[in-house]
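Number of protein chains: 2
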Amino acid sequence: MDLKSLDVLLKPRSVAVIGASDNPHRLPGMSLAYMKLAGFEGDLWPVNPKRETVQGLKAYPSVDDLPGTPDVAIIATPAHLVQQAVEDCSRLGVGAVVIFAVGYSEANEEGRKAEQALLDAARKSGMRVLGPNCLGCFNAATGYYGTISISLASGLPTAGNVAVVSQSGAYGEQLAYLLKERGVGVRYLVTTGNACDVDVGSAIDWMAAQDDVDVIVGYAEGVGDRDRFVSALERAQAAGKQLVFMKVGQSETGMAAAMSHTASLAGDDKVWDAVLRKYGAYRPVSTEEQVDIAYAASRGLLPAGRKLGILTVSGGFGIQLCDAADQYGLEVAPLRDEVARELTELLPFGSINNPVDASGQIVGELERLKASIACLSDPAAGYDATAVILGSVPLGPGMGTVLVDALLELAPTVRDRLVALCCVADRETVLRVEQAGYLVFADVHDAARAIAALATLSEYKSRQASGAIALPSPIPRGGKLSEFDAKRVLEAAGLPVPPERLARSADEAVAAADAIGYPVVLKVCSPDILHKTEIGGILLNLPDASAVREGYATLVERAASAGFAESALQGILVTGMAPRGTETILGVQVDPTFGSTVLFGLGGIHVEVMKDSALRLAPVSEEEAHEMIREIKSFPLLNGVRGSRPSDLDTLARAIASLSRFAAANADTITSVDVNPFVVWEEGKGGAALDALISVRED
Amino acid sequence: MDLKSLDVLLKPRSVAVIGASDNPHRLPGMSLAYMKLAGFEGDLWPVNPKRETVQGLKAYPSVDDLPGTPDVAIIATPAHLVQQAVEDCSRLGVGAVVIFAVGYSEANEEGRKAEQALLDAARKSGMRVLGPNCLGCFNAATGYYGTISISLASGLPTAGNVAVVSQSGAYGEQLAYLLKERGVGVRYLVTTGNACDVDVGSAIDWMAAQDDVDVIVGYAEGVGDRDRFVSALERAQAAGKQLVFMKVGQSETGMAAAMSHTASLAGDDKVWDAVLRKYGAYRPVSTEEQVDIAYAASRGLLPAGRKLGILTVSGGFGIQLCDAADQYGLEVAPLRDEVARELTELLPFGSINNPVDASGQIVGELERLKASIACLSDPAAGYDATAVILGSVPLGPGMGTVLVDALLELAPTVRDRLVALCCVADRETVLRVEQAGYLVFADVHDAARAIAALATLSEYKSRQASGAIALPSPIPRGGKLSEFDAKRVLEAAGLPVPPERLARSADEAVAAADAIGYPVVLKVCSPDILHKTEIGGILLNLPDASAVREGYATLVERAASAGFAESALQGILVTGMAPRGTETILGVQVDPTFGSTVLFGLGGIHVEVMKDSALRLAPVSEEEAHEMIREIKSFPLLNGVRGSRPSDLDTLARAIASLSRFAAANADTITSVDVNPFVVWEEGKGGAALDALISVRED
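These protein sequence lines map, in sequence, to chains A and B.
Numbered per full-length UniProt numbering, the first sequence finishes at 699, counting up by one with no gaps.
Numbered per full-length UniProt numbering, the second sequence finishes at 699, counting up by one with no gaps.
Check the hints yourself; a few may be wrong.
Residues on chain B that point at chain A, a partial pick, calculated with CB under 8 Å [claimed, not checked]: (1) 68; (2) 173; (3) 632; (4) 633.
Read the hints as simulated data drawn from the structure, not as lab findings.
By construction, the Cβ of each residue, glycine as well, lies at the ideal position given by its N, Cα and C atoms.
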């Protein structure tokens, strides 16, 4: 039986409320009350065997008595009646049910079984299930409120271009409330709770297809169906939606709490970072940040770059915004000469730098203010966004009003430009200037954070265009790989390796060394010896043939005393002494949820002790690999410090990208790859994988 | 002439407004209008030669016609009349004047002179000056508003226990406004503007002496009078005031903007950090953070530690708060057994860990909720603060009201405990529960940040009790110090140095090496040779007498070819080969504003490339030195990684503290000290200053 589309859940034309209560303030009465208040445009059918009417609407004794088959049934009955209600609905061909009741898989094993029984009943007809243990959903445009969200009691939302999806009902309703308070129109809310059927992924997937949604605000503690989630992110990205997604459980205690709360594996947090970044989703760390970025994104303008022009009525605020811009990676670039000239004429009393300190006097010279903002936000000025700091002036009874009028007059001129006003004002004034197209922030710090977030979303978007990455053919499954074999595999995948040969006798070793050139390195080579140094299995810097001959014997002997007979060895690896360079680590891990990831960092203490590494889902483009290289804190060590020349970053980026393609192609075959070290020499001189370990799945 | 106390400026009994306008919305009428609205309890005398009355009050044609000498004169005249007004006031013996006019030192050299003339006139009588280019000050308790702050038009503050001082008028008034909106009572506001007389330091000093002030909220771009500022911080700390101080200009562009705005040197930002930390001031980075921490501090309760107990109605929020707690260094410690037992009985439907997930059901079981909060916040539970997450429930018309009633009933029980409610509610409800003693945060992230900030303030406070640090006698001024002399000085100051002798001949060198024990190190030693390695002036690992003899000759020869004759050398330093250990850097810099600072970090790349160091004002206690050691990101390298034993951190801390005392005692003599490397061996084995450079002031 095919599952019904989520359209039936979120755009229903008829809604039954089973167990509807006459009291609009109690949970079983809430959903009906909200729909009545909002003037739901479809049919509204309370089901209550004990009453003739509920909240003034004709009540039906059972779902079988309804005048038609509802698209949605809201199940507001006590928990022990839920199963029967679901079965009735499924039998009748209801499109979707919303279940608020608790005590299911979130509670215990018995509850898990009860939840499965709900799903089984629904699956018979393809009926969709939202919940249980959720707060429901709404569609503000049609006045459909299949929800017991308490926060709506403070006022219903306006149907803007934002959709909210949250695994947690409580967080979802709070987000919807705070977005409303911030003046953002939330059109859809979906809370998934235990998500026995509809989960965060399916909700995002549906939202991605809605023309009236531009921004998707999400929250999850973990992910159930990985493929559904990832393909939903992909679809949202392709559809040009902005995603502002909070994933909690970064900390150890948070992860433990998530485990105990939802029994869903929180997953490696760095992998989550990599996933969200790959699909262009912005990841906020606090609710305030999430609300603010969603607010800014809902304006629909993404800056092309990170250059910020600032005009301020007070020097102090300008300095503060410079600090915040620096913190968030915005550039307070100097004024272009022609812009400086124009502003000098416009603001004879001002200080003409960036920030432009127009001084408090500008408040009495509103034509000059308008012209200055227009000048600074004109594309010709070269800024990607403009911040105008007005402090408390808009609060002033006289001068605040004329100032706001001036900004409204200016609005059409700067309509397609990103202009953020930093000021405090009464709510009504804020809404007026927002409707005219400005963003408004009380704290300059938040303005910088939001503009930087939009720039990040813009960068994600432009990267998206770089196209699919072709993968190599996967290696066969089964068996172990020696260092020699691992390097051959990686060489085939495009990683540079040093010239080397496998010798099965001292004579072969000398011949190999002669061919490679002295000095050379000898290493024992066997798929069974993972840690060569522990058995003394590496000899460095051998200067001539006799040293190689002697070395061969030494290594064979050491392997034997460690329990590896010569016949068990693949051979002795002969390789050239690599020149000194910077040692890096390239790694692959296969995440149980999200698949292959590629890691990069510097050798020595940096990755292991200082936890300084960059991680991405595989595959990555060379451009993304360059981003990874620049992202680590120890990047200065690669970029030339203390008079040393920069390293060959292009070679490094190519190696990371090659390894990532290999990782993506072999996600089913390998469990990890360790290229440690990958040495990189100075610019133009390349690099090489000096050692490599590939762990292959044991089946 | 003695300067009058600031009491006269901030607690005046009579106020004249010179140039007062009849229009309450225009700047020259604002101050008077606010005082009338607030019912200022003293005499209010408008001065305006053109009117009989101003805003309904009898107006006087000039200050000479006033019925008495006012404590304060607000000068609201046009700029060209200000000098005359100041002279008149000074002649009459007015206590203080407040000057809003601009165009003084912030504008140009001419303005700087005009400002000096204002000050000269005031100094004749000891009259105090606030401004020019400021927004004035207020005392909310007496209804005195010597200010043209526009933000007050939205409502006057209530006189709580918070005082605000800001160099920037616009930022100061916005802070006062946002604090009011956050429900915090601002009793005093002082904005200093150009601060020709009253500056941020003098305002803090005055506020520190006020019994009705518990929290001082400050803002500065730089500091004029260093001694006044530091002694004010000291006094505020001693008086037990909580200081929440923003210093802007961290970033390069911010610093440049600060220079151009106030012409006051912003100063090294890390030194500012060290200063504020030393005197127990919390430094926020955003306005929201500043307002939130001031709000939390105004409650008057500091937690003794960092253990946080969490009770939540929704698992998702609990996870989020765990993440935020981790970010801010709070510990979500497990429940004690007896607490877990009690909560298991109280919450049979809950999940009994920390966070305690009471589930949504608790909302219908308010006696259980009250008992659970009481249990968790009881000192016996071992938590320093409790967070109770209620989500949107307080918004609900029915259940919100009974929930709030339950919290109010519980309030007396938890009155002296730090209990933060995380929820959204209407403003009136928030104010009610705040008045009952709870803190309220809409975002769990902010709750964690605020509780952590209070814990930091508490730690600062307990450290304060550690007493004054005795300083050694300073070294004499003048002259340069060789490595040998520098080490003797540092050895006298308490730093361990390796055994070493100065040899003036090869024979002396051999004798020294024999006494010290082989192998040894030889170094050229002269106050004129700063970079020994550049001339090959160091020989390591000399195994025997003949090598020492030969080495002596080699070094003398190398010094000679670098232009230093043997007679110009102090000698050749003979020292033992130090065992390998971890190389650290101890440094002293004398900041032009704040004096001696001590720096600590690891050698190699860490301090110089990775900018990983800890800095404090000198002197520091050993306890603070331990804090510095733990503060650097590379601390794991000292604490035993990859199976190595931890370093001797006590020796290191003693060395840092000793160096800091030396630095403090010699702030007038030295410009810098570089102990690089200070090698530290494993626990119990000590450490030693292997090289040292002291730069002495050249006068």
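Going down the list of hints, with the structure as the test:
1. Against a cut-off of 8 Å between C-beta atoms, the interface hint on residue 68 (chain B) is violated, since the closest Cβ of chain A lies about 32 Å away.
2. Interface hint at residue 173 (chain B): satisfied, since its Cβ lies 5 Å from the closest Cβ of chain A, which is below the 8 Å cut-off.
3. Taking 8 Å as the C-beta contact cut-off toward chain A, the hint placing residue 632 (chain B) at the interface is violated, the least distance being around 11 Å.
4. Interface hint status for residue 633 (chain B): upheld, as the beta-carbon distance to the closest one in chain A is roughly 7 Å, under 8 Å.
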